[in-house]
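Colleague: Got two chains here, each in a separate frame; can you build the complex from them with the hints?
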Amino acid sequence: MLALFKAEFLHYRQWAIGLLALQAMAWAIVLKLNEYADASAFDNEVTQVLSLFGGFIFGVVQMILNTRKNHWTFLHQRPLNSRDIYLAITAASMLHIFIAFPLVWLVVVASFDLLTNAVVDMRHYYMAPYLMLYSIATYLIGNLVVLNASRAAILTGFGLLILHNDLPQLTWLKFLILAFVIIILLYLNIKSFKSDRFQPLKSVAGIVLMALPMQVVLVFFLTMSTALFYDIPQTLMDSHPEQHPTEGSFDFWRKVEDDKRIEYLLKDSNMENKVLFSRQTQLADKDTIATYHKAFNRKNQLNFRDNQWFLSDEDSRSVWVYSHDEMMLQGSDNFTGEVVGWLGQQGFIDQLNLATDADRFISVPSMVKDQFIVTDKTIFQVDFANKQLSVKLAMTGEEYLMGRPEFKENFVALVTNKQTYLFEPKIFLNEFELAVSSYQLPHPVSLASISGVESYRMVDGFLLIYRGQNYYGFDKAGAEIFYVHINGDVEKIYSVHFNKHSSPEFIQHFDFLISPAIYTLRELMANSFQSSNQNAQNNEPSSEIALTRPWPSSMLITISLLQLGAAFVVLILARRFSLNKGKKALWLLMTIIIGLPALLSFLLLNKRA
Amino acid sequence: MSEFCISTKNLTKQFGKKLALNDLTLNIPQGGIHAIVGSNGAGKSTLFRLLLGFDTPTTGSSTLLGDPSDQISAKVRGQVGYVNEEHTLPGWMKVAAVKELQQSFYPNWNHDIYNKVIAYFDVDPKQKVAGLSRGERAGFNLSMALAQRPSLLILDEPTLGLDVVARQSFLEALMFAETEEAMTTIYCSHQMEEIERIAEQLIIMEKGRLINNSTPEDFCARVSCWAADWDAIGRNIGSKDASIPGFLSHREIDGQQHILVVDQGDDFGDFLKAQGAQDIAQLPVNLERAVNAFLTANHNKPVAL
Chain D
85 MLALFKAEFL
95 HYRQWAIGLL
105 ALQAMAWAIV
115 LKLNEYADAS
125 AFDNEVTQVL
135 SLFGGFIFGV
145 VQMILNTRKN
155 HWTFLHQRPL
165 NSRDIYLAIT
175 AASMLHIFIA
185 FPLVWLVVVA
195 SFDLLTNAVV
205 DMRHYYMAPY
215 LMLYSIATYL
225 IGNLVVLNAS
235 RAAILTGFGL
245 LILHNDLPQL
255 TWLKFLILAF
265 VIIILLYLNI
275 KSFKSDRFQP
285 LKSVAGIVLM
295 ALPMQVVLVF
305 FLTMSTALFY
315 DIPQTLMDSH
325 PEQHPTEGSF
335 DFWRKVEDDK
345 RIEYLLKDSN
355 MENKVLFSRQ
365 TQLADKDTIA
375 TYHKAFNRKN
385 QLNFRDNQWF
395 LSDEDSRSVW
405 VYSHDEMMLQ
415 GSDNFTGEVV
425 GWLGQQGFID
435 QLNLATDADR
445 FISVPSMVKD
455 QFIVTDKTIF
465 QVDFANKQLS
475 VKLAMTGEEY
485 LMGRPEFKEN
495 FVALVTNKQT
505 YLFEPKIFLN
515 EFELAVSSYQ
525 LPHPVSLASI
535 SGVESYRMVD
545 GFLLIYRGQN
555 YYGFDKAGAE
565 IFYVHINGDV
575 EKIYSVHFNK
585 HSSPEFIQHF
595 DFLISPAIYT
605 LRELMANSFQ
615 SSNQNAQNNE
625 PSSEIALTRP
635 WPSSMLITIS
645 LLQLGAAFVV
655 LILARRFSLN
665 KGKKALWLLM
675 TIIIGLPALL
685 SFLLLNKRA
Chain H
2 MSEFCISTKN
12 LTKQFGKKLA
22 LNDLTLNIPQ
32 GGIHAIVGSN
42 GAGKSTLFRL
52 LLGFDTPTTG
62 SSTLLGDPSD
72 QISAKVRGQV
82 GYVNEEHTLP
92 GWMKVAAVKE
102 LQQSFYPNWN
112 HDIYNKVIAY
122 FDVDPKQKVA
132 GLSRGERAGF
142 NLSMALAQRP
152 SLLILDEPTL
162 GLDVVARQSF
172 LEALMFAETE
182 EAMTTIYCSH
192 QMEEIERIAE
202 QLIIMEKGRL
212 INNSTPEDFC
222 ARVSCWAADW
232 DAIGRNIGSK
242 DASIPGFLSH
252 REIDGQQHIL
262 VVDQGDDFGD
272 FLKAQGAQDI
282 AQLPVNLERA
292 VNAFLTANHN
302 KPVAL
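Protein chains in written order, with the working numbering: chain D, 85 to 693; chain H, 2 to 306.
Don't read these hints as lab results, they were simulated from the structure.
Given the structure is predicted, the values throughout are model-derived calculations rather than measurements.
Ideal Cβ positions, reconstructed from N, Cα and C, are used throughout, including at glycine.
Please note that a few of the clues may not be correct.
To be verified - Partner residues aside, some chain D positions facing chain H, computed with beta carbon under 10 Å:
id: 1; residue: A91
id: 2; residue: L94
id: 3; residue: H95
id: 4; residue: R152
id: 5; residue: W156
id: 6; residue: Q161
id: 7; residue: R162
id: 8; residue: N165
id: 9; residue: S166
id: 10; residue: D168
id: 11; residue: L171
id: 12; residue: E538
Just chain H, with the same shape it has in the complex (with noise of 0.2 Å):
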């Protein structure tokens, strides 16, 4: 078995004129909660697709647990779960046959994950898939992938459009069967008190790129929020001679101005000074915060009139 679950070498897709992914290189080892997050279009759905093997890439290559994405066998694909963010189900067919079809497929079904998981939804295997709620039916799709015993389980965005108890639901569910089974879990999410919560390994992508691949406490540490008396920012920021260096967004709050900067050390209060700032301090930044900053950093503004 290949030491990494999914490996990724310069891939890239392009649909017409745009670039989903961009030379991305990738690599994620067997075990833990993996949590990529990215904005909308950050190429995030079409990874998981190349890595499937439902697209086929530009250029680049990927393989899924030593498999290249292309050739994945029969075996390889009963190893990996896969829930999608719609949760689509043959919704003809009833709660209890669609378990029985899935059951047939995978010689190791767990009977007991499946039902301890289902258990923390309220779904009758006498209805059709049609008649559930949408957080039935992403518990129940839940409850399949994990009684599949997959070594490696792709969730994504597997919580969009979830109310908040499903979602803790989901969630609790998915930390059970987590400690429950040895598995590598890619989650993708915009839920990022979701991501603190259960993410062992932080991914970022951003326009088709990887921009980190941390554990998020590194990637916390990372990212600093500085307060200070400073009239002249808006000088500072994009301007060729006096940029901020590592600047990912400022905000002012009641008079003072509160600056997010990347990679910068404790010298960093020396350059607000030299830059005529006054009353510097240093504040804490929570995850969701530092991922907000860096994801909106580079993200399109319309132009100013």
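Just chain D, same shape as in the assembly (with noise of 0.2 Å):
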């Protein structure tokens, strides 16, 4: 076995070896072009993208080189049982691996760490195993492609790095998941390793680890099959309700021109002021608020997810980047790269041992605009100029923002997980001192319903327009308009039921009907793998409403039928692939459960005898 591991490493050593070579360079190159850099600046997709493909096109073509029939006759015909064989080949492209991919990283990562003030993170450090458990992943990916009876290898490799890119920012999760992948894929590869490889798996976990990772890639390819029988076919009807949406729709009224929507919400109402409300509406300046967000970073999250994680100075020359180490920000002189101090959140600090417990921010903020520190429970304002932190605002209770606030041309809008909140620009911006809101509404209905809201400046105040597609309950769309006084008042003027829609409702819901199962799973996963807060600024339903939502017993039926038909397929097909009683029960079962997508696989994975 070592030595044919020697070999497989030998083989190709100077590959691994010229790939490291080349992007030393890069890595030089960028890196001297860029007068200053911090870790996280680093360019993570290129590496990302590299390692993805670079592990994806090596596992392809090197089993492709030990496949061709006389090459496979020779690394089987001795005395080692094939999966001693593969181990070997794979541990040593495992060190191919590292050599070319991780190694990189972490050399210019402790080149940065030891040779200059810049702020490196162990989670910098991280990445390098992160990036070799990644490309084993894709290498091992591309082996299964080869090395199995089925082309349809590729939909389960894909559906297992979905499954892991799907994940949130969590880094042992993340870790976590991909070794599972990684697992995965090396039991699949060791059964598929066989000295005739055209035959299908046979053990039953080979059967059920090859066919539940596809589902998730099946569903998406029946999902984007409406394009083919619907969506081209109506568009070149011209009658596509994209085109056309059904008057009264929901989307009928999204459509409409920005200065005709008031007037068309409240033209069925009895309203003695809706001319007016119309015709100032018309000219009013419009805005849009956003009720969710993308999730504030996470401690020792892995780099490549970092957002607004710096503050900069023009004054002083100095950038201010946030350390998940030290949980505060380090001040280093733009062009000398020395650390100018530290910032935390009870202000400015000249020497890191100087720092206490209070000075470290409890969880890792979000920068905007130069100047303000976001968390999810506080606003800080920075003045560089007179080196003082002040609190903008602060959260208190169960209450806490949903992301960063929206500085707009009449308002800066908050929205927490209660209310929305509406500054003035001006004084929210320039006085560093406590802010305190112009406005003030609590959110009409549950956040989750809100896909989103309108603003129009009104004389005397604003209008807002609250909407969603699941405004009054699933699939009950609906707005809500609301005066808000100069005072404060807040006067709810109307609300718009929208009955019809243009759609069809297969259509709306097709991921749903092709298979509840992976429908409901795929929620119920977003949900176990993130916090309630990080669901809702994802906009992601909780699983209570993922699993009690009242679907129509029409889309009911409509399903039982479509699992009952193809499960009766699958007992047909069975007998043609000759599979045993075992083999025959497991694929009705999961046909049963998962559905057309099940059949798909089943299709896919075997051969007819």
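Modeller: Structure follows, in structure tokens:
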């Protein structure tokens, strides 16, 4: 085994070293061209894409070369079992991958850490094992695509990768699931690396592990199929709901021009001043307020997820980068790179050793407009000229911010889990003191039901439209108009229910129709992996909502018929594929639970006897 | 250990509509050199792939040194040497490194045999395998296969594409090793002079079926050649009412018909006489002619326009 490992390593070692040298040169050029760079600013996307495709292409090419007819015979016809041969080859490839991808990252980060004052956290080092695992996973997918009897193995690989990419920012969870993905792929590859590799996997574990991950991809393709049988024909006939939404539907109203939206909503009302509102809004300044945002950065998250992680001050030519290790911002001179101080939640500190626990932020903030430091509970404002830090806004109790403040021409908007605040922009930006909101609007319905808020600046306040496809509950679109008076009073003007739908029900919920199990599972997984705060920020429904949606009975009947039909097809075809009773029962069970995607995977993974 | 080193039972392999092996039942006992001959597409290579577990039969089963072909243990793999027609070896490695690699898998590696067999060929250990000539690669491959001291050595057309000198060296090396080690050799080749020289048992396959499994001498004894003056021969070939029993082929030489038949006794002369042939004489048949006649008898021929 060791001899085989050595031979395989020698085979590709020059390629790995060449790739290492090329990347090292590229990094040297990039760093030379940038006067200042911190570790988070490294081009992570390029590194990730390189690892993704590099690992995959290596896995495919290596196995294509090994599986050529006589080479395959040469590889197998020796007194070693197939598993040991495969493990020897894979172990050598892991060493190639280490040289080609994570090593260069490790060298660059370590150089930064040792030779510069740039912020380098432990999480920047974590990126090396992450790249290693990521490349190994894609390498194993490349292997699987070539080794497995079914070409549909690529769907299994993609499914596993999607599972990993869907994950939140929790670093340990990312590592854990990536390790889990690698174990599954290793198992499948060892089983596929048999002398007659054209035979499908026969073990129950092999069938399940091949079939289940590909369900997510098959659901995607099936969902995309609506383009073929619905979207394209409808578009060609100029009758697509996107082009011609049904009058009275939510989509129709969304297509109405901005300045006529209020008029459309009020058309059936008996309000005395509806004409006045309509006219005023035609002339008013319009804006939108987002009710969901990108989640806040998490402590020790992998650096490619970083978002708004530094402040810069032009006057002092300094950059203040957030350090996860210190939970403070480190200030550096823009040109010399020298450390000029630290910034914690109690203000500026000259030296790190003077910092106390009270100085350190509790959660990782986002930086806004080079002067605000925003956590989910507090907004701080930095006065670089006077070296002062003031609290702009602090949430109390169970209230927390859904995201960063939105700066508009007429207001600064802040959405919390309970209400929306509007501030006077000049005061908010320029005065270094606690901000007092001009308007405060509790959310009329749950935040998850609101897809957005539209605002119209009136002479004596704001007119706000809260809207959503599920505003009044599942599939019950609606909008509500509120008048926010200059004195702070909030008055509900009108409510509209959109009872008509533009698209047919089965198109609107096609992903649920083809597999309720996968649909629900994905929503539950999103809930399990993320905190409720993050779910709300990502506009994900809670587990409770996901499980208790009142699906129309026509949908449920159609789904039952589809799943039973799919199971019937499996039953008929199982004979042609000469499956034994156990396998037949397994496929039937998967089809009854999962539906159409399971039928597709049954067809893709079995060969006619 | 099984009585047979190779055993197949009703082995059938179908590729689409093509039947590569057709209900093949074959038992090859331990010891000796067994030659397998057959025209292209007879199913020889398919048989080896099925035996070694690199393919799965459509129906039927086979064993290799007692192990079912689809579950060959590492131990049995170590007892089987296999040399394919391409002599595929890792071209990027040096000869010495390949030898070292192979040697590491076989605890009973025989350096003496390796050195003696490789001496038949001019192979530089420092050279890359990709730089070896076909003959050198064949010799190197054979040297390694023999040094493994296999119980069973399968050679699938190992001299294909070799020149006369390389072929000569290959056969000499093989025969030398055969005398040194007790092993069973399955030798597949189109070269009849090689078969004639080394084979102790002759297996003939045609269109996926076994049509002979005997010693070469016994096979030759089955085929007889008759010379006669016979104008009506054309009428007798393939005609339902007057067909020639055991007919394989005929050729006209100097106005005389030379007819090759199988499994016919001395009374075949009487049959010819009864059909109007004159000056009848039985001639000796060598192995090559007998095999060629056997193989070409049922070979597809273009339809006459």
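Colleague: If a hint holds in the structure, say so; if it doesn't, say that too.
Modeller: Here's how the hints hold up against the structure:
The restraint placing A91(D) at the interface with chain H holds, with a minimum CB-CB distance near 5 Å, inside the 10 Å limit. Contact between L94(D) and chain H, as hinted, is supported at the beta carbon level, the nearest pair being about 8 Å apart and thus within 10 Å. Because the closest C-beta pair between H95(D) and chain H is about 6 Å apart, less than 10 Å, the hint holds. With 10 Å as the threshold, the beta carbon of R152(D) comes within range of chain H, its nearest partner Cβ sitting at about 8 Å, so the hint holds.
Restraint check, W156(D) versus chain H: the minimum CB separation of about 7 Å is within 10 Å; hint holds. Interface hint status for Q161(D): upheld, as the beta-carbon distance to the closest one in chain H is roughly 5 Å, under 10 Å. Proximity of R162(D) to chain H holds as hinted, the smallest CB-CB distance being about 5 Å (cut-off 10 Å). Checking N165(D) against chain H by beta carbon gives a least distance of about 5 Å; that is within 10 Å, so the hint holds.
Because the closest C-beta pair between S166(D) and chain H is about 9 Å apart, less than 10 Å, the hint holds. Because the closest C-beta pair between D168(D) and chain H is about 8 Å apart, less than 10 Å, the hint holds. Because the smallest distance between the Cβ of L171(D) and any Cβ of chain H comes to about 14 Å, over 10 Å, the interface hint for this residue is violated. At its closest, the beta carbon of E538(D) sits 64 Å from a beta carbon of chain H; the interface hint therefore is violated under the 10 Å criterion.
When each numbered hint is compared with the structure, violations occur for hints 11 and 12.
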